[in-house]
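**Student:** Residue numbers (our numbering), protein chains in the order written: chain A, 1 to 404; chain B, 1001 to 1404.
Quick caveat, the hints were computed from the structure, so don't treat them as lab data. Every value quoted in this text rests on a predicted model; they were computed, and no experiment measured them. The beta carbon of each residue, even a glycine, is placed where N, CA and C say it ideally should be. Just to be clear, a hint being listed does not mean it is correct.
[To be verified] Computed beta-carbon distance windows for the label pairs:
id, chain 1, residue 1, chain 2, residue 2, range
1, B, Q1123, A, R313, 54 to 60 Å
2, B, P1270, A, Q123, 46 to 52 Å
3, A, T337, B, D1048, 44 to 50 Å
2 protein chains.
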Amino acid sequence: MELHVQKYGGSSVADVDKIKNVARRIVETADQGNQVVAVVSALGDTTDELIELAEEVSNIRPKREMDLLMSTGEVISSALLAMAVADEGKDARALIAHQLGIKTDFTHTKARILNIDDQRLRQELEAGNIVIAAGFQGITEEEDVTTLGRGGSDTTAVALAAALDADECEIYTDVDGVFTANPQVVKGAHKIDRISPEEMLELASLGAEVLQVRAVEFAWKYNVKLHVRSSFNDQIGTIITGSDEDMEDVEVRAVTSDDDQTRFTVLDVPDKPGMAGKIFGALADADINVDMIVQSSPVHKEGANDISFTVSRTDSAEALEILDELVETGCGSELTTDDAISKVSVVGSGMRNHPGVAQKLFNALGGAGINIETISTSEIKISVLVSEKQSDEAVQILHDVYEL
Amino acid sequence: MELHVQKYGGSSVADVDKIKNVARRIVETADQGNQVVAVVSALGDTTDELIELAEEVSNIRPKREMDLLMSTGEVISSALLAMAVADEGKDARALIAHQLGIKTDFTHTKARILNIDDQRLRQELEAGNIVIAAGFQGITEEEDVTTLGRGGSDTTAVALAAALDADECEIYTDVDGVFTANPQVVKGAHKIDRISPEEMLELASLGAEVLQVRAVEFAWKYNVKLHVRSSFNDQIGTIITGSDEDMEDVEVRAVTSDDDQTRFTVLDVPDKPGMAGKIFGALADADINVDMIVQSSPVHKEGANDISFTVSRTDSAEALEILDELVETGCGSELTTDDAISKVSVVGSGMRNHPGVAQKLFNALGGAGINIETISTSEIKISVLVSEKQSDEAVQILHDVYEL
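Please model the entire structure based on the sequences and the hints provided.
**Tutor:** Written out as structure tokens, the structure reads:
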């Protein structure tokens, strides 16, 4: 008997018919002789609606209470899905945070999993029950409910698959898998059959919304094979696996863009030791990730640099507040922000062995008259900052030039 | 320092402004130097909406999953109310089933409280926090969430007040207290200042929706003084207390009617030992309460009786199914039902010492041409079944005749 962990995203359970469809899929998997743990996200836009309600009620919104509030979306969907499975003639048990034994730290709204006490889970499976697990939530040592951040149900699924040593971990979503580029933007974009966790991690970090970054890290660390696929058809999706057999070593696996970025520039940062550290330290203390850093020393300014970098737009209001205060206390003369930018990236583990990948990128974009404002690279990715209105064109050109 | 338990019903937190109003009330109580535990129901119609959603998704609706689903209404309202209190400048902690330590039996959808482990509650109060407790919910030995039945938040409040030995247990609602009759129906109906738990228990059982029956039982048993009052003004409401000092011993304290009843009549029940027991036993097994029982032996029928009784309309579908089956297997010749009836009752602990209360009732209704179909009495109440369309008139007449 195999044990399958399946995760169904909010779009897969967005309405009554879709919930019933998911229930049938779960029962089908069980009928093939498998044990099933199905992790479910909140129905459609429930989480956003709960956040709106909180914003109406409170300006302060303590994170502990926000977590408790947001966790209810997944409690509701897990209870409903368990009922729908019952209608298909199988015994199902919805389990929520304190029952799943997902112990986290105290970082409310983006808690990290510390360990999993899977006693109750195993007990239900051994009793022959299908388990419907409420995604996105954990519990602290003090029994307070936490949430795992946007997309956290992916992490729930991977963590449970790792703890239970599952044979499969399927991530069901509303697309057919991971694509070489966004098919709504790029002609010729197609599904990727297999991708390494390393590549997937870069893609997820760079704005591909199909999987939460932390889920990919977790899967990589615990060697969980992921299968990203559609809940609306039976096609094989994208397999994310560390074992390289069968996997073609291509220079570029996919092209992606992320418009959800704000660029900050602090002008005239005094050229003294520790100034950059002060800026980035303050942002790091607030848990804000910074990318695409450029420091320039204009010739006409002596003893001062301009420092420019991007942050995700969800963090930009908080970053603005922090940076404003730093500028006021003498860390620079002025602060400018720019939302009309896009980070375009190419990712491929073959880059390591194929020289000339960067060359090709610069030539192609330069030839099309697309100005590259900033560059950042890792071993297996190249990101460039371009103007937001040229972003789609840049992605199409790169998709073509690497023959994806 | 006093400890106050306050309960706010769904209508008191029906919208954002009302939630903020309740938060201010709680903070006011705390500012007077009191510790506060506020028990909250689901916002407005949330519970009904959740039930509707479940009905769309599933025909079976296992009770365990229904409880989990329904409990989210109170989790949402407790989190929101805690946030609103934070905006008023006080530290509040929302606590839900597993944190409140309200241990219940396994009777899902109408669980009974077994005991309360108040460790976490006391810890939060000692830390100077206001506790916002999610009402209506408990947890089994196996850590599954249960609910305490309609109006269960009243019971939560009374149970917590008993466990914590609170100085006050205030039940906030959308009316000014307990009335001598429904003021929307009866001219001259007015608020009752004090009422005994015994009388309140009869009133709650007879359709007065202001308090859950079980909450009154609990308050009586553990000697918790209740104060039913409005969340929309500062007037003193109705005090429910067992200590009789100050309390006038009136023959009738209040008149109430309950249209939410269905009368069943089983015709030609064979006059053999055990037949009635079979019928009422089957209903009791399904946890259906039966009232206003009449057995008649028409002269033209030998060896058979007609048995007639009422059940609450929420149970009537289930009762119909059970009774249909019994009739088919020979417990009677035919089953008839009647929804157009109303149970009108007068309640007063003074009845014990004042003879002639029943006499007055029969004369008054008879004089007005209102036909009494069935009578049932206890030591402190008289209930009569009348036609639904004469119900309001009957209540007004009785309210006048007992000079309330």
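**Student:** If a hint holds in the structure, say so; if it doesn't, say that too.
**Tutor:** Structure-based check of all given hints:
Between B:Q1123 and A:R313 the beta carbons are some 40 Å apart, a value that contradicts the proposed interval 54 to 60 Å. Checked against the given bound of 46 to 52 Å, the beta carbons of B:P1270 and A:Q123, roughly 49 Å apart, stay inside it. For A:T337 and B:D1048, the hinted distance range of 44 to 50 Å is satisfied, since their beta carbons lie about 47 Å from each other.
Going down the numbered hints, you'll see the structure goes against just number 1.
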